[in-house]
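**Student:** What follows is each chain in one-letter form.
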Amino acid sequence: MRSSFRKAYLLLSPSLFWLTLFLVIPVLFIAVISFTTNGDFGRIIYEFSTDAYSSAFSSLYAKVIWQSIWWALLATIVCLVIAYPFAYFIANAGKWKNILLLLVMVPFWTNLLIRLYAWIILLNNQGVVNNFLIKLGFIDEPLALMYSPGGVILGLVYGFLPFMILPIYSSIEQLDKTYLEASEDLGAGPVRTFLSITLPLTFPGILAGFIITFVPAISVFVVTDLFTGGKLLMVGNVIRDAFLVEMNWQLGAALSLLLMILVLLSLMIFMRFTSRKDRKLLI
Amino acid sequence: MRPKTKKILFSFSLLVFLFFYIPILFVIIFSFNDSKLGTVWTGFTLEWYGSLFQNKQLISATMNSLYLAVVTTIIATILGTLAALALHRYTFIGKKSVEFLFYIPVVIPDIVVAVALLAIYGLLNMSLGLNTAVPGHVAITISYVMLVVLARLSSFDSSLEEAAKDLGANEWQTFWKVTFPLIFPGVLAGALLAFTISLDEFVISFFTLGPGDNTLPVLVYSMVRLGVSPEVNVLSTIIIAIMFIVVFFVGLRMRKGGTAK
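Those sequence lines, one after another, are chains A and B.
Counting in UniProt numbering, the first sequence runs from 1 upward without gaps.
Counting in UniProt numbering, the second sequence runs from 1 upward without gaps.
Chain A with its partners taken away, still in its complex shape (with noise of 0.2 Å):
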């Protein structure tokens, strides 16, 4: 044991030394962070203070906050919506299954801005959809399709759907199809064995998706950045101007430490209802 104990921990001594290095401390500084005083220009003076997080929950900041765990909560669903039946569809596409799957790695290989770029070229002032509607006198003026709450909820979509259909997919596919047989050899229909047998057996795959896709959903700033030059706000474009642009660490640093605690908290939570062999649908 002892020197198993040893041998462990110096194999993994290098990853652990570089995670400490690199990622706990940093995140253990701007936790200290959040707790200090403003200086002027974006001096940090070392005194106790709760300013940052009170302004965190201040009208202005609660609201941003709220707006967008509920854009990304709302960009999560449906993307689940439109992921299961999808991956459903593909787990069950026979000798097709491989090239379906790879044509939605395609798009979820491609580069985030690229794919948002894409719908700016559509969605825009000047762009195909308002052209087109203007061309067959639907409408005289263009429309704000990107610069409208909807328009970051189908951004989020957008961006953040494979996501959640890779991991459902996993667990769809892994299911023992015996088991469905069972269930309508006992003369269960397609509703019941779908929501007594297939439905619970993937949920792990469905949890494991429903983080991966609200994370970056929650704390991505590219999408309200481009899609509305910055008028309407999500959490992360808080926390890149206040670090950026109003030289205001303790509020950037307040907001981050919040975001990570909502991050841990469904970490903890998928980790308490999912076996060992589920974790790896979160990869």
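Check each hint, because a few of them may be wrong.
[Unchecked claim] Calculated lysine-lysine pairs in the DSS-like style (CA-CA distance at most 25 Å, straight line):
id : chain 1 : residue 1 : chain 2 : residue 2
1  : A       : K95       : B       : K7
2  : B       : K6        : A       : K95
3  : A       : K277      : B       : K96
4  : A       : K95       : B       : K4
[Stated by the list, open to error] Which bits of chain B does chain A cover? Going by a derived footprint, with three or more residues having C-beta under 8 Å, they are:
id : stretch
5  : 30 to 36
6  : 236 to 244
[As the list claims (entries may be wrong)] Sample of chain B residues with no beta-carbon within 10 Å of chain A, all distances over it, derived:
id : residue
7  : T45
8  : E47
9  : Y49
10 : F53
11 : Q57
12 : N64
13 : I74
14 : G80
15 : A83
16 : L87
17 : V106
18 : A119
19 : T174
Hints are computed from structural coordinates only; laboratory data are not their basis.
No residue lacks a Cβ here, since even glycine has one placed at the ideal position from N, Cα and C.
Could you slot chain B onto chain A? The hints should help.
**Tutor:** Chain B alone, transformed into the frame defined by chain A:
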């Protein structure tokens, strides 16, 4: 599945594929558009492709992206593989906490990693450059390598290692002659994953690169912010085309590997 259910699912999935690909299709079409002003089709041209390849910014951003991805991949692959070996072989005190630590980079929002690193660099008064993006890139990729290699290790027959030892090989020989060749596909897959994640990473690069250093995603961001332009269309089309080729090549290889097994 009933035929009717299947039909509905098929049409639905077709719509989802259209949703995925129609925007991308428009980017590709407009990369050949004559007009400088975006979204009205005026005629076919290859002019923008020519002008893009002389864009010095683009060339240096591409080189920076590749450099970062290579450095990240080397470090993350070594560290992640060692960690996977430890977690697979040994039971030790604190194993649960270590596993939890490795899941954090998978789920942590990248903006938190980015601003935390920026804050530490600020504290240490470090000047930002190309290499200041490496720690963040490695930190978010180690876990992916570890998890992929661990998956390979768990399907690995440890009696082979015992046989090597019984036949007189020392630990070092056993590792290089038996263990490593057997887990090599997993290590390679992990390295590929790390490479792609690093190449694609935007937020950490955006915060931790020096002001003059662009990677490809950071350059795309600054171009896209200025609005629709033929050059972005061309750059995006090229990246999408490369993605298609890579995904299909890797996919076909994987399929062949699958049938060989």
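**Student:** Give a verdict on every hint.
**Tutor:** Status of each hint after checking the structure:
no.: 1; hint: K95/A - K7/B; verdict: holds (17 Å)
no.: 2; hint: K6/B - K95/A; verdict: holds (15 Å)
no.: 3; hint: K277/A - K96/B; verdict: holds (15 Å)
no.: 4; hint: K95/A - K4/B; verdict: holds (20 Å)
no.: 5; hint: 30 to 36; verdict: violated (count 1)
no.: 6; hint: 236 to 244; verdict: holds (count 5)
no.: 7; hint: T45; verdict: holds (17 Å)
no.: 8; hint: E47; verdict: holds (18 Å)
no.: 9; hint: Y49; verdict: holds (16 Å)
no.: 10; hint: F53; verdict: holds (18 Å)
no.: 11; hint: Q57; verdict: holds (16 Å)
no.: 12; hint: N64; verdict: holds (15 Å)
no.: 13; hint: I74; verdict: holds (13 Å)
no.: 14; hint: G80; verdict: violated (7 Å)
no.: 15; hint: A83; verdict: violated (4 Å)
no.: 16; hint: L87; verdict: violated (8 Å)
no.: 17; hint: V106; verdict: violated (6 Å)
no.: 18; hint: A119; verdict: violated (5 Å)
no.: 19; hint: T174; verdict: holds (13 Å)
The structure fails to meet hints 5, 14, 15, 16, 17, 18 from the earlier list, while all remaining hints are met.
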